[in-house]
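Asks: Residues per chain, in single letters:
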Amino acid sequence: MRIATSTLQSRRATSLDEALKILSDEPRMPIAGATDVYVGLNFGTLKEKSYLDIWALDELRRISIEGEMLSIGALATYTSIIRSKAVNDRLPMLVAASRLVGGPQIQNRGTIGGNVANASPAGDTLPVLAAVNAVIVLRSASRERRININEFYTGYRVTQRKADELIVAVEIPRVEGKQWFRKVGTRAAQAISKIVVGAVRSSKPAIAFGSVAATVVRVPKTEAALARGASIDEAAKILGDEITPIDDVRSTADYRRRVAMNLLKRFWSETQ
Amino acid sequence: MRFTLNGSSTDVDAHPMARLLDVLREDCGLTGAKEGCGEGECGACTVLVNGDPVCSCIVPFSQVDSAAVVTIEGLGDDHPLQHCFMSEVGAQCGICTPGMIMASLALPDDPTLDEIKVALAGNLCRCTGYSAIYRAIALSSQVARERVDGQVGNRT
Amino acid sequence: MSAVGENVPRKDGIGKATGRALYADDITFPGMIYGRTIRSTIARGTVKSVKVNGGVPGLVVADHSDIPGDNVCYLIEKDQPFLVERDVRHQAEPILLLAHESREVLNAVDVAIEYDRLEPMFDPERSATCFKRIDIKKGDVEAALAKADLIVEGTYRTGSQEHVYIEPNGVIAVPENGGIAVYGSVQCPFYVLKALKSLLGDRMPVRVIQTETGGGFGGKEEYPSMLAGHACLLALKSGRPVKIIYDRVEDMIATTKRHPSIVKHRTGVMRNGRIVAMDVDVLLDGGAYITLSPVVLSRGCIHAAGPYRCDNTRIRGRAVATNTPPNGAFRGFGAPQTEFAVEVHMERIAEALRMDSVSLREMNALTLGDTTATGQKMGEDCSALMVLDEAVRRTDFRKKRDAYKGTNRAIGLALFYHGAGFTGSGERFLKSRARLDLTETGVRIAVGSTEIGQGTRTMHAQIVADALGVPYEIIDVAQPDTSLVADSGPTVASRTCMVVGKILEECAIEMRAKLGPLSPAEYHAKHGAFSVLRTYEPPAWIVWDDDTYLGDAYATYGWGCDVVEMEVDRDTWEAKPLKVTAVQEFGRPIHPNLARGQIEGGTAQGMGFALLERVVMRDGVMANAQLTNYVIPTTLDTPEYDVVMLENRYEGGPFGAKGLGELPMDGPAPAVVNALRHFGLDLREVPATPEIISLCASR
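Residue numbers (our numbering), protein chains in the order written: chain A, 9 to 280; chain B, 334 to 489; chain C, -19 to 679.
Hints may contain errors.
What the hints assert, rightly or not - Here are the simulated SDA-like cross-link-like pairs (lysine to any residue), alpha carbons at most 20 Å apart as the crow flies:
{"hint": "1", "chain 1": "A", "residue 1": "Lys55", "chain 2": "C", "residue 2": "Asn87"}
{"hint": "2", "chain 1": "C", "residue 1": "Lys244", "chain 2": "C", "residue 2": "Leu130"}
{"hint": "3", "chain 1": "B", "residue 1": "Lys450", "chain 2": "A", "residue 2": "Ala104"}
{"hint": "4", "chain 1": "C", "residue 1": "Lys556", "chain 2": "B", "residue 2": "Asp360"}
{"hint": "5", "chain 1": "B", "residue 1": "Lys450", "chain 2": "A", "residue 2": "Lys273"}
{"hint": "6", "chain 1": "A", "residue 1": "Lys273", "chain 2": "C", "residue 2": "Ser678"}
Derived by calculation from the structure, the hints in this document are not laboratory data.
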């Protein structure tokens, strides 16, 4: 399908201030690596007509450690995350997730901010971020605010980002405990997840799943059961009831549920 | 909009949201990059942007402003990868070959088999089952080394 | 210095690797406009009205009333129209054609179609319309079943499969000289020509030229005729060249796919493992129109008893209609489906007898003097035991199978064969021809066979060079243009080397006789050019009855034995192939690297069929028609291949070669499922996705 380019308009920002000024004047869809946005455009399913190209905002590419905080700029690509010493040290499960996004071409273009903003329930980095209580940093021309990613999604592909805001960074506090990540895709590379898990083992286990609900989800009942010392089998049963996977073209609710329970057990035994 | 295409500075007037793939194929007349899927899944449209392999079917034209874009045409017709893809039958029907070669350019010298597989995980081939592609790349490393040695030898 | 058997430089040159090879979408013509197909959105019913909304300046519109000849996309039967007149039989059936200079304008045109809907039929087991019935009887199967020690029954299913040639279908129709030329991505330019003559009437000059083609696998055997017809109608209406290139979604939804199958076996065996009766029922879902279903059924049924000796066999096959887009040719053409069934069934027979499944195969495999289910006697060119023995030995199969017990690894095996060339009297009816032209510098091959990646140009040139006794370098190959080359029959059925190569070999021998001791250039300088045109003569010993389906089904067979080692993740039931050993016997390779490429590529496609590739149908149309959701193997999904090419020269083929292109497709699916069965999973279908495996595990 050919994009109806003549019906689209795009403005390109060369600084963050410029970008935020434009957004404060008029609503536009921000695009960075555009890997998923362009699929929608190519197939005519994305109806947006006005775009703000923020690819040039190098100031949003920084990855740094500031004390206890790992700060990843919204435009950090999966490739830069994979190569970042800071991320490898502090959040290796994000590196693991990034390696499984698409293939090299997608990793060179896709960004963490894009993954968060796109709000797909199958987003590969989202369970990692949810399990570590990552904070989404939003900025508009007038203010900056921070929202825990576990409060960021209010419905299927609906986020708390206001039309005049850009995601500028993702901040991760120091992670206490063992990190664990697993993605089950439709194949070994270039795969959308059928189920994806990010988890941290500590006295307060944190477990997040993608592709089992309308958004990425934590599983508080399961986490509480494990924290109070329930057996892993009991916790897995609770998990089976807590998540709400569906049948779709890629997989089935039944498979997703059973695999989620198995992966919970695998997480538990591998992080002893 | 100005950008560098295969080493030369170029100025192309195209819509900022036009696909880079279409600008290359239609405005620039370079049909080496192919459309296999239009969704960034098959890699047949792979080109280098500032040295990185990307799927040109999902890159908005405005985003290569002042960037260096290299397509298969930029390799000429005497690159070791090109010869080896033909001789080792890494190319059967050839439609995935330009994208495969461009993605291969990101590999280090003498890559391991695992490095090759990961580097090409975003390029689908339906004809070869990939093994001949690995053989082509391995041979190409050897040929490239021999060329350098030959040049060094000629100079001493 | 011989060319045959050597990895000579390919006649394709370097264009595929430099971006200079020109595929359909790379080519433009002055004044060219673009075409678009408006398709039905219901599976069954009638069209009440078609309205193109908003006068769009410059828009070209064509419907069935614009057809000068017959609205019949002629293939075997005359049931499929180029464009719907009134009756809709499947979703995505073409109704209206549009063309415009601007693709953006073209895609924005809104067409409103009103239908009267009828209840569609999607279940092949309940279909009332049978396209073709086949009954093959040998001996007395019921009597033999009654005397058997044990009867083993089973039902096996294979799903649809999409070709995913990386270049989608595309053509350009160009008005010329009061007629029309069609350039396009096609496997069979003469099939397209025939269909266009039906569409346009006999008096319009038509020629079809193959452009560099980015993969076919059977998906461009018959479908391009439909596409070419559409482009021609728009070109004639507008007077301008019209290009129609399908995007991936349209290609996957609207074009042909592999026939889904349900195969039932009822087999009588003796305690010692000897198979005494095979009763097989084959059901293929043909989709809404006949297309090639009768021939797919034919090949499927002929191979349905597997490469085994059995005195009493009955194979009953039906290809039936459903209200889905018609299914068609796909590498293997019915055999991957039925050989999947028989090979998994053999594994189950071994399980029932508590017998080693390799020993069961050894005991029953066809050898010299045995007859097949159609009564064809096996000659020296039968290699069933050769490939089985080599595969078992090379992989240390029995030892590995025992060692893997109780682990999350398993090993599985499949023995298979594939008839080369058209079935029975098919080659006789085709009357394929080949021509060699003497030129100033050498010799030109002028055949209708197409290069689609398998190496046609190169392989034919090797054969001609050696048969003529001239250097390979002076042979060149004409681009297939139906007005310039001989009609060599379609590039399908693993016949391009064995059949067309054979005609070329004979042309070369005849040319050599005429040249005497002179080289081509010397002769040309002295006497000028000449051509040798010959028609294929199938071996005289072939006897075949089209009514009883008995006799010599194929001139010869290729043989294969695949061994697959798998690892299953107990948490996710993901089945990962670790290694595939493919032992294949196909006469001898003309170009070893090209032959190896067929085996590796066909095996990879078979592995996708076995594990990954699932066509999800909803309301009679493909619901996962994107490469994101219909997944084929990537590098990381593909294991190490160990390919062994055994030789058993077939004297009826050029330099001893048999057919190869499809053989590799028949082995992987049953080998994979047989490996998975060793985990105790009673799997009887492909694709064996993790979801299917997990359901199996829970039973």
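Asks: Indicate, hint by hint, whether the structure satisfies it.
Replies: Tested hints:
no.	hint	verdict
1	A:Lys55 <-> C:Asn87	holds (14 Å)
2	C:Lys244 <-> C:Leu130	holds (17 Å)
3	B:Lys450 <-> A:Ala104	holds (17 Å)
4	C:Lys556 <-> B:Asp360	violated (44 Å)
5	B:Lys450 <-> A:Lys273	violated (31 Å)
6	A:Lys273 <-> C:Ser678	holds (17 Å)
In this structure, the earlier hints numbered 4 and 5 are contradicted, and the remaining ones agree with it.
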